[in-house]
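I would like the entire structure built from these sequences, with the hints used as guidance.
Number of protein chains: 2
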Amino acid sequence: MQEKGRLIVISGPSGAGKSTVVFKAIRDRQDFCFSTSVTTRAPRPGEVDGREYFFIDRERYDQMVLQDELLEHAEYVSNGYGTPRFFVEQKLSEGMNVVLDIEIQGARQVREKMPEAVLVFVIPPSMEELRRRLVGRGTDSPEAIEGRLLRAREEYAEADFYDYLIVNDDADEAAADFSAIVRAEHLRAQDRLYLLK
Amino acid sequence: MQEKGRLIVISGPSGAGKSTVVFKAIRDRQDFCFSTSVTTRAPRPGEVDGREYFFIDRERYDQMVLQDELLEHAEYVSNGYGTPRFFVEQKLSEGMNVVLDIEIQGARQVREKMPEAVLVFVIPPSMEELRRRLVGRGTDSPEAIEGRLLRAREEYAEADFYDYLIVNDDADEAAADFSAIVRAEHLRAQDRLYLLK
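The listed protein sequences derive, respectively, from chains A and B. Here the first sequence is numbered in the numbering used here, starting from 1 and rising by one per residue. Here the second sequence is numbered in the numbering used here, starting from 1 and rising by one per residue.
These aren't lab readings, by the way, just hints derived from the structure by calculation. Careful, some of the hints might be misleading.
Note that identical chains are pooled: a pair holds if it fits in a single copy or bridges any two copies.
Straight-line C-alpha distance at most 30 Å; calculated DSBU-like pairs for lysine-lysine [to be verified]:
{"#": "1", "residue 1": "197", "residue 2": "24"}
{"#": "2", "residue 1": "4", "residue 2": "24"}
{"#": "3", "residue 1": "91", "residue 2": "113"}
Bear in mind that the values here come from a model prediction, so they are computed numbers and not experimental data.
The following block contains the structure:
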């Protein structure tokens, strides 16, 4: 029996280090992939359909929304973006774990449409540390940094529906946390009752 | 904030290798202990009160049962055995994970009295392998082995309320499964919401 993969949603404030944690955890692993989104925006030079995004027109996008073919979707700068259910289901059925890096609103939609998804929220050890990291990146103005910190606070207040909470103090430890979560989720008895037959 | 430990109940058929898996997983770990049971049976030479068991008289035992001071209890050969809630709660509050190696009936009682306990069921890769292991131990008669296999089948049929199912094919992998489960359980968001304050 081919065991199904898990859909793993990962969220957290900008600067928490989500990507680092996930990349450390899944590097050298053949059983993980990232979800590929659909978008109505035009491909940029070098972007390949099915790699960066599935590029679709607005008509198809609206149809996917209406027919519940997207696990979550949102509009940014007049373009639609979404996570196609067919892609995720296909990968899961192949035994791949699918990682989906999205914001809280998207995670809430996924929870509703695919309750068995595993929701992981990554936070920095403190707001002071988050500020230090954002300053250290050197990409944001002081005002933008204050905005991000405010946004992080707002996110925290909404994040109580996640399944797991990782504090990214040390990235290796946080990656080990992530790996342990995925490993444990694969051991859930409710999905393995066939082993007791 | 001192994080509480987890009560981890481990069960599985005789010959599945539960003890080996747990010992491999928790050796060198200071944050694990085994639960110490109460019993009405007399101490044997060399047994120390509070180490092998807490030795208590029948009156005290019956009182503990009546006052719901035992997380689970059972009678064997006219003696009462049980897991004292005070001991477990004390260790958990010190941040220790408490491991409780008991049978399914006891696990069911624990689930009821302490729903947050983590229930892990360990099985061998197959009944054929279980038979091989029991024969290899050389401690049971052929009849006793058939009895154990029958009992294992019965246990499987009742084990659907466990949280996790570990297949002990390779003991190191199974120990890593056990460790991942405990690590993931410590990351559950519902127990860490204070981190979002």
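Of all the hints given earlier, name the ones this structure violates by number, lowest first. none
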